[in-house]
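So the protein sequences, as listed, match chains H and S.
Take 0 as the starting number for the first sequence in numbering that gives the first Met the number 0 and just add one per residue.
Take 0 as the starting number for the second sequence in numbering that gives the first Met the number 0 and just add one per residue.
In short, the hints are calculated from the structure, not lab data.
Remember, it's a predicted structure, so these values are computed and weren't measured experimentally.
One thing to keep in mind: the hints can contain errors.
Stretch-level coverage of chain S by chain H, calculated; a stretch enters the list once three of its residues show a Cβ under 8 Å from a Cβ in chain H [as the list claims (entries may be wrong)]: (1) 203-214; (2) 261-271; (3) 283-295; (4) 299-313.
We put the beta carbon where it would ideally sit given N, CA and C, even for glycine.
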Amino acid sequence: MSDYGLRISKTGVDVKTGADKDMVLTSKYSVLKGSASATGVEAVPRTAVDKIVTIPHGLGYIPMVQAYWNDRDGDSWNPNNWYPFPLVSISGILDFYFSAYADATNVYLKMAIDDYGALGANIDIRYTAYIFIDKGKL
Amino acid sequence: MADYGAAVSQKGYDVKTCADRFLVYSSAFPILKIFSVVAITGVVPDGASADFTANAGTDYLTSAAHGLANGDQLNFLTSGTIPGGLTILEYNYPHGGHLYYVINKTANTFQVSLTLGGSAVDITSAGAGTHTWYRDTTKIISTHDLGYLAPVIISYNGSTSIGVANSYFMSDSVYLQLWIRQYADRTEIYIFNPDNGTTTPGATVYFTIYQFLDSFDTIAANTINAGTTLGLSSQDYGFRISKPGYDVKTCTDEQCVLSSSFFTNIIHMKGAVAGTADPIVVTHGLGYIPSFLSYLKPTGKTFYTLANEFISVNTNTLDSYPNEGDVLYYVIFKSKSI
């Protein structure tokens, strides 16, 4: 088939002569397409044990993922703010190891917190994940 | 020119009344355009190391029976002062310093270059203390040649030793210490050994790079509909555009440039802000937690890198706590995290 395509420019840019990057949309380049999103809260112990949240996606291949987290009660981080995965924050007193990954069936959010034996209370971590139909592994 | 515009809503939402974030496409809001999707591999280094001395007269480094090969990548540490002309690679933000390539090696000596097979680094002094070279980090390069800094997303797809069934978003610092430098013409991925013993030296590691076409030229926040109205009268006729070479009537969703069956990350605002205040605060004013991409360009560097530990978002602002003079590059989407 021939590629007739579609091209829409930003305001003020001539759609016939403007650069591709100044287009709102062009069929020459794809965009990330979201399939699903998930949110929740997980109590993560401070014992350096991996806490894994499993989110099914059912795509049959490994998708691209974006994920963010929040310290709901402000135990260690600003409770009003959300932070991107992954995170490695090592203070030597309270360490955080957060990563997001996927296989052909699920998206996983893996969270571990280590307070070096002080055994403080669990930290409630809110999370949100965007799952795209675009492949995370080609 | 007048803005007549067009918009396509997500399934189930009335395109005339729904909130902006339920649009799949709108001529009022750009979407990050994927310039290239690249699969790239690297090799986990073996972590070898040995002491060396530097000769400012010959630009050679001496390390008895070093066992290095031309093209090996090295970084350096010292107990005192690093020889003039060399730098120390920084594993943590701001990820400064350089990785060097071995050139002109003999049994006991070698020179180093900043590029593979390039010219020798000019050693200007012998330094002081004990110097050590390390073959514990490798760098792989993906060239895009856009000519400007552009957003990028990288997945780490595992290795020949841990398998490739899982794909890690951006990196998996828990198992393998990775960091990136994004330049105007290329992406560099740095792979540091060790990795808690889960990935063996010599293992091939795999990455997928989503390089976007868009620059960080400023797009100010723009809102048309801020509500959350569900379009009860919506009819789902839909909208579909295929990638070049695919038949829009028969291709898979993944082969579409755009489809109203799937939500998109339409852009609320984007730009770059130099860090004259701490924190750098970008007001988005959405009233909810949006998804975003963000990067920091360290002072005096020509690359940006990831700095997740320094960047966060709340319902009104994107905040970053960089060093003075660093530049925050950001894209804030309409998507609502929570």
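Now for the hints, and whether the structure bears them out:
{"no.": "1", "hint": "203-214", "result": "holds (count 6)"}
{"no.": "2", "hint": "261-271", "result": "holds (count 4)"}
{"no.": "3", "hint": "283-295", "result": "holds (count 4)"}
{"no.": "4", "hint": "299-313", "result": "holds (count 6)"}
Checked against the numbered hints above, the structure breaks none of them.
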